[in-house]
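Chemist: One letter stands for each residue in the lines below.
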Amino acid sequence: MPSKNDTTDAISVDRLTKRFQDVVAVDNISFTVRSGELFGLLGPNGAGKTTIINMLATLLKPTSGRAEVAGFDILTKKDEVRRSIGVVFQEMALDVKLTGKENLEFHAMMYGMEKSLRRARIDEVLALVELRDKADVLVEKYSGGMKRRLEIARGLIHRPTVLFLDEPTLGLDAQTRRHIWEYIKKLNTESGVTIILTTHYMEEADYLCERLAIIDFGKIVAGDSPERLKDILGGDVVSIELEGDSGNLAALLEKEDWIRTLTRHNNCISMTMEKGERRIPRIIQTAQAEGVTVGCVNLHKPSLEDVFLHFTGRTIRDQEASQSERNKFMMRGHMRGRRR
Amino acid sequence: MIDRAAITVLWLREMKRFVRAKSRIIGALAMPLFFLGFLGMGFRRMAIPGMGDGVGYLQFLVPGILGMSLLFSSTFGGLSVLWDREFGFLKEIMVAPVSRVSIVLGRIAGGVTTSMIQVLLLFGISFLMGFRLRSLPMLLLALVFMILISVTFLGLGLVFASMMKDMQGFSIVMNFVIFPLFFLSGALYPLDNFPAWLRALSYLDPLTYGIDGIRAALIGYSSFSLVFNLVVMGCFALGMIFLGAFLFERSESV
Chain A
1 MPSKNDTTDA ISVDRLTKRF QDVVAVDNIS FTVRSGELFG LLGPNGAGKT TIINMLATLL
61 KPTSGRAEVA GFDILTKKDE VRRSIGVVFQ EMALDVKLTG KENLEFHAMM YGMEKSLRRA
121 RIDEVLALVE LRDKADVLVE KYSGGMKRRL EIARGLIHRP TVLFLDEPTL GLDAQTRRHI
181 WEYIKKLNTE SGVTIILTTH YMEEADYLCE RLAIIDFGKI VAGDSPERLK DILGGDVVSI
241 ELEGDSGNLA ALLEKEDWIR TLTRHNNCIS MTMEKGERRI PRIIQTAQAE GVTVGCVNLH
301 KPSLEDVFLH FTGRTIRDQE ASQSERNKFM MRGHMRGRRR
Chain B
1 MIDRAAITVL WLREMKRFVR AKSRIIGALA MPLFFLGFLG MGFRRMAIPG MGDGVGYLQF
61 LVPGILGMSL LFSSTFGGLS VLWDREFGFL KEIMVAPVSR VSIVLGRIAG GVTTSMIQVL
121 LLFGISFLMG FRLRSLPMLL LALVFMILIS VTFLGLGLVF ASMMKDMQGF SIVMNFVIFP
181 LFFLSGALYP LDNFPAWLRA LSYLDPLTYG IDGIRAALIG YSSFSLVFNL VVMGCFALGM
241 IFLGAFLFER SESV
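Residue numbers (this note's numbering), protein chains in the order written: chain A, 1 to 340; chain B, 1 to 254.
Hints were generated in silico from the structure; no laboratory data involved. Hints are supplied without guarantee of correctness; some may be wrong.
Stated by the list, open to error - Straight-line alpha carbon distances no greater than 30 Å define the calculated DSS-like cross-link-like pairs of lysine-lysine that follow:
1) Lys-22(B) with Lys-147(A)
2) Lys-97(A) with Lys-22(B)
3) Lys-147(A) with Lys-115(A)
4) Lys-165(B) with Lys-115(A)
Keep in mind it's a predicted model, so treat the numbers as computed, not measured.
Only chain A is shown next, with the shape it has when bound in the complex (with noise of 0.2 Å):
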């Protein structure tokens, strides 16, 4: 296991291109995932996200290009990278007509896994995923929440260095997302594994990603961690109302190098600045030694949906509206049986 001070990539992409007929799914990406990093790549459905996501997990062949995952190159030695990844696709890959178990004895056998190191570890993840209970139900019977959490287990068993999770709260409610985020943000940082997890969530992205890439039409347009991001669009807007007199407030305020930008109208007076909530401790005390009472102050943050709306000039929904004719065509082609 790799632990979480480590300064290897567990992956490295170079130059990756996967082209379907006509059509460039993946175009040119180059990006690394650092040893027991939780990374994300962030994007709108048909962006090409489970295409990366495939040809990293030896399903898919790429146009051109190369790639590295657990230090092991994707085309020539495929046994060794399967060895090394768990992966949970986006659609269910279980067989319904075993049970919960009978999935992960499979799973664990297909990995060449001796009897009691078999058991051990079932018993392990079933109780990490809270399925004990539930372990000799035929998966038919499961809810959809239940089936993913025995998906993240089953990607669990045969501890591999690197963990593929292909939208995972795709479908769910709020309450079993909620539920899958701390199971894999508890997974990152108790065993070390490192994470790499494709989201259309701009939460479930800000919430669990270290570092992430935004993609978009094949292509990453921006990549860091979440908060700087953010940072990129000028920082937090911070905006008072004031009652009554004003007196000198703004003037003393703009003397402030942390603040970048300060608008006024009427008895408001809203500012640009990084780290907001740290800064408004400052304004309140500048308003009183002033002898000005502020009555309202209100902080916003900017998300990775305004992120994402600055760099593609569109909101992940508009963009989802008009993919939706190319994915149809992606799928029809290339992906059949892959949503169901």
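Got chain A sorted already, so can you dock chain B onto it with the hints?
Modeler: Leaving out everything else, chain B in the frame of chain A:
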């Protein structure tokens, strides 16, 4: 290259699914049983030229229907890869660090076992209908032919599964491949009655030699010699495994 644990677990999975799908077993047995029952009774008194002296129609028909059951169940067994693709489980299989050859062998082991269980059930019922065995040791030889037929058509099913993206082509395979193979094989009538050009097609059909071999072993009457049938069936079985495995390996799993 050959991963025994993987082959075992793939086989085990087929067994579990088979045992849990009782309605599927009954459904798969129904058609050959109807053929056997109705044709056997309907043509009971018929004297068909080329059937062999003193061989009753039921005796002639049983090996043919056994071959039919194997043809259908094994081809479907090979095609079942498409179900796994449709339900996503194929990805779980393909992403595992297991050689593709082992995956194909596991599939074939499972398919042969389920096909053989079905055909042996059918064989048992045929005794109730009046089928008589010529000699007990020859029964083993008949079993060898049954296994070879099963392997051959599992390979064929895999070939089609690798060429198709989903189950939409299923009825085409059924109507334009499986049924013609069945009728060309001489399962229901002696091939001597076919015009020469049609008989030539029959000689391209692996099932022809399979059924003729079962007949040679079980009722002591056949068009070709037993050894010839055995050699031809052996070649077909090997050839189809390699072709099926080759195409399966090349097909993309997502």
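Chemist: Hint by hint, say whether it matches the structure.
Modeler: Outcome of the hint check:
1. Lys-22(B) with Lys-147(A): holds, 25 Å
2. Lys-97(A) with Lys-22(B): Judged against 30 Å, a Cα distance of about 13 Å means the pair holds.
3. Lys-147(A) with Lys-115(A): holds, 24 Å
4. Lys-165(B) with Lys-115(A): Between Lys-165(B) and Lys-115(A) the Cα gap is close to 36 Å, so the pair fails against 30 Å, i.e. violated.
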